[in-house]
Amino acid sequence: AGKVFVLPKEGTANGKIVIDGSWEGDRLEEPLTLLIEDGVVIGTSGGEESEEITRVMDEARSRVRTSLIERVGTIAEFGFGMNPRSRISGNQLEDQVVRGSAYIAIGDNSALGGTASVGFQLRGVMNKPSIELEDVDLVVDGKITARKR
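According to my numbering, the sequence shown is numbered sequentially starting from 2.
Simulated from the structure, these hints should not be mistaken for lab results. Nothing false has been slipped in among the hints.
The calculated DSSO-like cross-link candidates involving lysine-lysine, where the alpha carbons are at most 27 Å apart (straight line), are:
{"hint": "1", "residue 1": "K144", "residue 2": "K17"}
{"hint": "2", "residue 1": "K144", "residue 2": "K129"}
{"hint": "3", "residue 1": "K144", "residue 2": "K4"}
{"hint": "4", "residue 1": "K144", "residue 2": "K10"}
{"hint": "5", "residue 1": "K129", "residue 2": "K17"}
If you're wondering where the values come from, they're calculated on a predicted model, not measured in any experiment.
Construct the complete structure from the given sequences, taking the supplied hints into account.
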């Protein structure tokens, strides 16, 4: 309990996501940036985690069916933390429920009804993000607003 999340519509997410809280349950020393195009991670930068993501995705591409290779870096989940008592601690389960945070999962989305059955999922948490959806600011500096600009 303590989070709301969605399976993003496949092929639609575009932009840059900066993970500055934790990645796979480890607190980050430096921010990790994911470049997203048409719902898939196409590039990463920032620390050892960037290299690990590339390694995991390359390994997955080598073992999935040809039809799934392009879906390996799919944005699988996107969620918001809602628990005011939680803090970023490096515990993945707690980190993704911190009120004012957001998290993203990349990889397999089949458990939520998606088509990217790629055999892995990686998660990262953003501290106090600003998130917009079309013309609506959903979160500004970690404050849930959901107001049209």
